[in-house]
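Visitor: Residue-level listing of the chains:
Protein chains: 2
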Amino acid sequence: MNTHLYPNSCVVPTSAGNCFDLLTEDERKIVEDNMVEVFYKKGEIICKQGSFASKIIFLSEGLVKVYLEGSPKNLVLAITPANNLVGLPSIYEGNNTFLYSVSSYIDSWAKLIDINVFKQLLRQNASFASKIIDILNENTAQAYARFFCLTRKQLHGRLADILMCLSDRIFKSLEYDLPLSRSDLGDLTGMSTESVIRIMKEFKDDRLIEVSGKNINILEPERVRKISELG
Amino acid sequence: MNTHLYPNSCVVPTSAGNCFDLLTEDERKIVEDNMVEVFYKKGEIICKQGSFASKIIFLSEGLVKVYLEGSPKNLVLAITPANNLVGLPSIYEGNNTFLYSVSSYIDSWAKLIDINVFKQLLRQNASFASKIIDILNENTAQAYARFFCLTRKQLHGRLADILMCLSDRIFKSLEYDLPLSRSDLGDLTGMSTESVIRIMKEFKDDRLIEVSGKNINILEPERVRKISELG
DNA sequence: TAAAAAAAATGATATAGATCATCTGTTTTT
DNA sequence: AAAAACAGATGATCTATATCATTTTTTTTA
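Protein chains in written order, with the numbering used here: chain G, 187 to 417; chain P, 187 to 417.
Don't read these hints as lab results, they were simulated from the structure.
Worth double-checking, as some hints may not be accurate.
With beta-carbon atoms standing in for the labels, derived distance ranges [what the hints assert, rightly or not]:
1. G:R309 with P:L416: 22 to 30 Å
2. G:D293 with P:P407: 44 to 52 Å
3. P:R214 with G:K227: 46 to 54 Å
Here are the simulated lysine-lysine pairs, DSSO-like style, with alpha carbons at most 27 Å apart [claimed, not checked]:
4. G:K297 with P:K400
5. G:K390 with G:K400
6. P:K412 with G:K259
7. P:K228 with P:K215
8. G:K400 with G:K259
9. P:K227 with P:K400
10. G:K305 with P:K227
11. G:K305 with P:K387
12. G:K259 with G:K234
13. G:K317 with P:K390
14. P:K297 with G:K317
15. G:K234 with P:K297
16. P:K259 with G:K259
17. P:K387 with P:K358
18. G:K412 with P:K234
19. P:K259 with P:K227
20. P:K400 with P:K387
21. G:K387 with G:K259
22. P:K317 with G:K317
23. P:K259 with G:K215
24. G:K412 with P:K358
25. G:K227 with G:K317
26. G:K317 with P:K215
27. P:K297 with P:K234
28. P:K259 with G:K234
29. P:K234 with G:K317
One side only, chain G facing chain P, incomplete, derived with CB under 10 Å [to be verified]:
30. V222
31. K259
32. N281
33. F314
34. E324
35. A331
36. S378
37. E380
38. S381
The structure presented is a predicted model; accordingly, all values stated were derived computationally and were not measured.
Every residue gets a Cβ at the ideal spot worked out from N, C-alpha and C, and that includes glycine.
Let the hints inform the model, and build the full structure from the sequences given.
Guide: Listed below in structure tokens is the structure:
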């Protein structure tokens, strides 16, 4: 048994975009009527850990990070691209506060849905509830993979994991313009900014990737993947 | 913001024991008819990560660990006492294998419920589904707390966290006979056996705890809690 | 377009915690 | 009851990675 069962841990695999298709016409109308769409500038906080959770967040455009607050360093649980739900764990009856904070990496749009309306839909529409359970389980699987990545892999593996994850799941291309700083990457991989820079340079010197400024080009995806798997 | 929002991360707070109360008489009958009760000796594997998940596990008696397999070291996600459901994430439609392995710390009894029957109940009984969502969210909150503990706290904090967690949530007493070896504790806290022993000795020398063999007595719970909070 | 601020880069140093080696008790197994 | 295996304990050493200090480059602001 090795670690190759936990690749691409930074982000949830599929989108929750179509979960509302399972609602009836009437139910969709209720959602529409109890929803506002809000714009967030790059870097803004969308929800704050510990605050009262009155909304479920559907990210319609953008890219956000989901993180636990901690001093001196936060812990990034996931990065979430467009068409995903955020804040689902706060529908748990015993806890009506946000488990985590969410902030935007880039300009983003979110639809905020009233949490009581959402809960009511869960109670009355079992196939919708079933779909939400699927999404929660996907999130759990991702969190476990990430948990494994950050606690069992070392720096090279963690950075390789993130680079491939961004390529596979966010940008869907081997070349991409990273909207994150090296310090953001450090946050994401649980390592210091300096270590990110050093290991990026190693990867560059080994001709695994090409880096110029914000542009990343993965030259040897299979070798990078190997590094991510071996930790 | 500090870490005191994530205490007691080793184990899920409440029990799932009563979730079946939300079923109708007929539904409960269906569960009974599609369930077997199995005994597991101490140390036996109850389910194996990656294997086909055909059952949901309800632990009726005992104490188990839920872990991800990894070489050279596994990652313990949670320890779960009696009256809890295990294996819920495998009800996710896209993935019918166990996300994790489960093995018993002590002799245990489990009721194995057919997964398709379970899924059918979710689809037809929305308040049952809603309760299962609550349980999943509780598990998620616990996993995040543990994630934080293992990635942000250092050894003293992690060991203090486990000792208090066992006291608060499993044994419900400041004094308890630990059914785990020092090496199990290392697994649980993500540290080496030697470090567990060394830090236990420090706690003992500081008169925070009393240790004789398997017996642990927490003399200064508030100070131990403080150490767990400060990392 | 100059000045200021932020991000990236790099070398030197420090350290938490693992690993290794060894020893002593304590259970299992034969 | 002897042998073997295991759990606990302790000191010495090693290493991955953080932290600190400084410099260079890029971006933002005035």
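Visitor: Would you mind marking each hint as holding or not holding in the structure?
Guide: Comparing the hints with the structure gives:
1. G:R309 with P:L416: 22 to 30 Å: With a Cβ separation near 41 Å, R309 of chain G and L416 of chain P fall outside 22 to 30 Å, so the hint is violated.
2. G:D293 with P:P407: 44 to 52 Å: Holds - the Cβ-Cβ distance for D293 of chain G and P407 of chain P, about 48 Å, lies within 44 to 52 Å.
3. P:R214 with G:K227: 46 to 54 Å: 52 Å, holds
4. G:K297 with P:K400: 53 Å, violated
5. G:K390 with G:K400: 14 Å, holds
6. P:K412 with G:K259: Holds, because 19 Å separates the two Cα atoms, which is no more than 27 Å.
7. P:K228 with P:K215: 31 Å, violated
8. G:K400 with G:K259: 23 Å, holds
9. P:K227 with P:K400: 20 Å, holds
10. G:K305 with P:K227: Since the Cα atoms of K305 of chain G and K227 of chain P sit roughly 41 Å apart, the hinted pair is violated (cutoff 27 Å).
11. G:K305 with P:K387: 49 Å, violated
12. G:K259 with G:K234: Roughly 16 Å separates the two Cα atoms, so the pair holds.
13. G:K317 with P:K390: At roughly 50 Å apart (the allowed maximum being 27 Å), K390 of chain P and K317 of chain G break the hint.
14. P:K297 with G:K317: Measuring from Cα to Cα gives roughly 25 Å; hence the hint holds.
15. G:K234 with P:K297: 40 Å, violated
16. P:K259 with G:K259: Since the Cα atoms of K259 of chain P and K259 of chain G sit roughly 26 Å apart, the hinted pair holds (cutoff 27 Å).
17. P:K387 with P:K358: 23 Å, holds
18. G:K412 with P:K234: 25 Å, holds
19. P:K259 with P:K227: 23 Å, holds
20. P:K400 with P:K387: Answer holds: K400 of chain P to K387 of chain P is near 14 Å, not above 27 Å.
21. G:K387 with G:K259: 24 Å, holds
22. P:K317 with G:K317: 14 Å, holds
23. P:K259 with G:K215: 51 Å, violated
24. G:K412 with P:K358: 45 Å, violated
25. G:K227 with G:K317: At roughly 30 Å apart (the allowed maximum being 27 Å), K317 of chain G and K227 of chain G break the hint.
26. G:K317 with P:K215: 25 Å, holds
27. P:K297 with P:K234: 16 Å, holds
28. P:K259 with G:K234: 35 Å, violated
29. P:K234 with G:K317: Holds, because 25 Å separates the two Cα atoms, which is no more than 27 Å.
30. V222: Given a least distance of 24 Å, the restraint on V222 of chain G is violated.
31. K259: This hint holds: K259 of chain G lies near chain P, its Cβ roughly 7 Å from the closest one there, short of 10 Å.
32. N281: 7 Å, holds
33. F314: It holds, given that the least Cβ distance between F314 of chain G and chain P is near 9 Å, below 10 Å.
34. E324: For E324 of chain G, the interface hint holds, since the closest Cβ of chain P sits about 6 Å away, which is under 10 Å.
35. A331: 9 Å, holds
36. S378: Not OK, violated: S378 of chain G not within 10 Å of chain P, min 14 Å.
37. E380: 18 Å, violated
38. S381: Nearest chain P Cβ about 15 Å off; hint violated.
When each numbered hint is compared with the structure, violations occur for hints 1, 4, 7, 10, 11, 13, 15, 23, 24, 25, 28, 30, 36, 37 and 38.
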